[in-house]
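Peer 1: In case you want the letters, here they are:
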Amino acid sequence: MVAPSRTPLRVDRLRALNLPRRVEVELDQHGRPGAIRDDDEPAQTSAGEHRRAIETIGEVWRVDDEWWRQSISRRYVDVVLEGGRHVVLFEDLTTGQWWLQKP
Amino acid sequence: MVSPIARRMAVRPGITVSQAIGLCPPLVLLEPDPVWYDELFAHLLLALSQVSPVIEPAELGRAYVGVDGLEGLYGGPERVIAEIIQAVSRKGGMAVAEDGVASSHFTALPPYRLGWGRGKFTAWVAATRARPGEFVIVTDQGRREFLASQPVAVLPLDPDTHRKLLQLSLRTLGDLTALPEAAVTSQFGRQGRLVWRLAAGLTTDPVIGREVPQPISAELDFPTPIADRVILSQAIGKLVERALKSPRRVGWRVHTVRARAALEQGASWLCEITLKDPSADQHRIAAPLQTRLEQVPPTGAVERLAVEFTAFAPGTTELQLFARDAESAARAGRRTALRAAVREIKTRLKRPLLHHVIEVHPWSRLPERRYALIDYEP
Numbered sequence: 001m002v003a004p005s006r007t008p009l010r011v012d013r014l015r016a017l018n019l020p021r022r023v024e025v026e027l028d029q030h031g032r033p034g035a036i037r038d039d040d041e042p043a044q045t046s047a048g049e050h051r052r053a054i055e056t057i058g059e060v061w062r063v064d065d066e067w068w069r070q071s072i073s074r075r076y077v078d079v080v081l082e083g084g085r086h087v088v089l090f091e092d093l094t095t096g097q098w099w100l101q102k103p
Numbered sequence: 001m002v003s004p005i006a007r008r009m010a011v012r013p014g015i016t017v018s019q020a021i022g023l024c025p026p027l028v029l030l031e032p033d034p035v036w037y038d039e040l041f042a043h044l045l046l047a048l049s050q051v052s053p054v055i056e057p058a059e060l061g062r063a064y065v066g067v068d069g070l071e072g073l074y075g076g077p078e079r080v081i082a083e084i085i086q087a088v089s090r091k092g093g094m095a096v097a098e099d100g101v102a103s104s105h106f107t108a109l110p111p112y113r114l115g116w117g118r119g120k121f122t123a124w125v126a127a128t129r130a131r132p133g134e135f136v137i138v139t140d141q142g143r144r145e146f147l148a149s150q151p152v153a154v155l156p157l158d159p160d161t162h163r164k165l166l167q168l169s170l171r172t173l174g175d176l177t178a179l180p181e182a183a184v185t186s187q188f189g190r191q192g193r194l195v196w197r198l199a200a201g202l203t204t205d206p207v208i209g210r211e212v213p214q215p216i217s218a219e220l221d222f223p224t225p226i227a228d229r230v231i232l233s234q235a236i237g238k239l240v241e242r243a244l245k246s247p248r249r250v251g252w253r254v255h256t257v258r259a260r261a262a263l264e265q266g267a268s269w270l271c272e273i274t275l276k277d278p279s280a281d282q283h284r285i286a287a288p289l290q291t292r293l294e295q296v297p298p299t300g301a302v303e304r305l306a307v308e309f310t311a312f313a314p315g316t317t318e319l320q321l322f323a324r325d326a327e328s329a330a331r332a333g334r335r336t337a338l339r340a341a342v343r344e345i346k347t348r349l350k351r352p353l354l355h356h357v358i359e360v361h362p363w364s365r366l367p368e369r370r371y372a373l374i375d376y377e378p
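As given, the protein sequences belong to chains Y and U, one line each in that order. Position one of the first sequence corresponds to residue 1 (my numbering), numbered consecutively onward. Position one of the second sequence corresponds to residue 1 (my numbering), numbered consecutively onward.
For the record, the hints were derived by calculation from the structure and aren't laboratory data. There may be inaccurate statements among the hints.
[Unchecked claim] What follows is a list of derived Cβ distance ranges for each label pair:
1) Y:ARG21 to U:PRO297: 52 to 58 Å
2) Y:TRP67 to U:ARG229: 25 to 31 Å
3) U:PRO297 to Y:LEU19: 50 to 56 Å
[What the hints assert, rightly or not] In silico DSSO-like cross-links for lysine-lysine, where the CA-CA straight-line distance does not exceed 30 Å:
4) U:LYS276 to U:LYS245
5) U:LYS238 to Y:LYS102
6) U:LYS238 to U:LYS276
7) U:LYS276 to Y:LYS102
For every residue, glycine included, the Cβ atom is placed at its ideal position computed from N, Cα and C.
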């Protein structure tokens with residue numbers, strides 16, 4: 001991170017970092033993520049397979065916030081993908097969709 | 001350090017001197033002599049470097065020796081260990097330790113402990129299990145069995161996690177590895193995964209040899225011992241200035257600096273500072289030493305004071321042609337180069353492509369709300 005310049009801060013010029021990305025998640029019989037399918041990642045096999053197994057599940061937590069406007073309700077799961085990549089998955093509990101983010 | 005007899009009388013590190021004397025009236029208090037310890041350790045490293053070119057000092061008294069490829073020169077582990085013992089004895093009759101990768105637990109007079117094993121962790125655990133003056137060799141075949149019988153206290157964990165392991169009745173590394181790796185990871189996070197793999201003997205961290213810097217030092221003998229901190233502080237400033245003028249320093253910025261003092265009655269004082277940003281500026285180097293002098297002053301009057309640069313970071317040669325101070329020149333150079341790059345990008349692409357990362361809500365529970373990008377305008 002660098003020190004901010006003297007330019008006054010303008011909210012319209014801000015761009016969010018670490019925006020979540022849509023992924024498909026395969027759940028096991030206990031409802032825990034077992035693998036993800038991420039079409040934005042390079043294919044894992046010559047057949048164009050984008051599936052990555054989840055090697056380890058870390059913490060699981062829930063965030064419910066901003067009920068007074070657009071309600072946010074998420075279940076976060078800290079996982080290590082096969083190959084050692086550490087990411088955070090969350091399920092949007094209002095839509096049922098899964099998203100991937102950097103920790 | 002507390003001697004075994006004093007320990008038996010309930011003297012523990014961290015208690016006050018009056019408490020210690022109350023518990024053990026015949027107690028003898030010895031002043032630490034960090035300069036001597038440091039010199040002894042430097043001798044040890046020098047001796048080890050005669051056996052292997054790959055030496056990694058881990059902390060005062062512990063060093064790892066990389067022995068990959070030495071079998072052709074010396075023979076099996078026992079022969080390499082014999083070489084190490086011989087080299088250390090030649091250097092001053094004290095101690096070492098080693099490992100296959102080799103780790104050394106070394107104390108001044110009660111001699112070394114040596115551990116041989118694949119990876120630094122195994123070698124270190126083996127060294128801690130050796131009796132003073134002896135060695136323990138852990139073969140690749142016996143590694144898992146050896147580690148499984150060790151207490152969890154050998155794992156590099158904070159006291160809280162240690163306590164949790166004991167509360168879960170996990171007393172040995174074998175108890176820990178009997179659990180699935182995923183379960184330990186789930187309970188203790190990334191640290192849990194790391195220690196599970198260490199305990200299972202799956203992590204073999206190699207010894208990383210370090211370039212031995214040629215230290216630059218400047219010394220000052222006081223005609224009469226000095227206890228005045230103002231004078232000592234000024235002397236440190238002058239010594240830093242003198243050391244910076246050494247021709248060997250040209251092209252390098254100072255990364256680690258230490259001040260050492262010989263005190264009256266044979267004691268010594270030592271402080272070492274690693275600069276966050278390596279510098280060639282006298283005030284930036286001297287200031288942390290002077291602060292340390294204020295916080296932890298020598299316990300007696302100073303007879304001799306020395307400043308020593310022991311680690312360096314490369315400076316930028318081109319910039320040094322125009323500036324006396326490598327750090328400020330490098331900083332100014334980076335800024336100028338950045339401005340030129342921003343101008344060029346704007347001219348070519350009609351829009352800025354360089355951005356700052358700024359904090360928005362760094363403590364937000366939603367990761368995407370924590371930081372943002374904004375156009376960079378120097």
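Peer 1: Work down the list of hints and note, for each, if the structure agrees.
Peer 2: A quick look at each hint next to the structure:
The supplied range of 52 to 58 Å is met by Y:ARG21 and U:PRO297, whose beta-carbon atoms lie about 56 Å from each other. A beta carbon spacing of about 60 Å between Y:TRP67 and U:ARG229 contradicts the range 25 to 31 Å that was offered as a hint. Taken as a hint, the range 50 to 56 Å holds for the pair U:PRO297 and Y:LEU19, whose Cβ atoms sit roughly 53 Å apart. Distance check on the hinted pair: U:LYS276 and U:LYS245 sit about 22 Å apart at the alpha-carbon level, within 30 Å; holds.
Simply put, U:LYS238 and Y:LYS102 have alpha-carbon atoms about 49 Å apart, too far for the 30 Å limit, and the pair is violated. Between U:LYS238 and U:LYS276 the alpha-carbon distance is near 22 Å, which keeps this suggested pair within the 30 Å criterion. Straight-line distance between C-alpha atoms of U:LYS276 and Y:LYS102 comes to about 28 Å, which keeps the hinted pair within the 30 Å bound.
The structure fails to meet hints 2, 5 from the earlier list, while all remaining hints are met.
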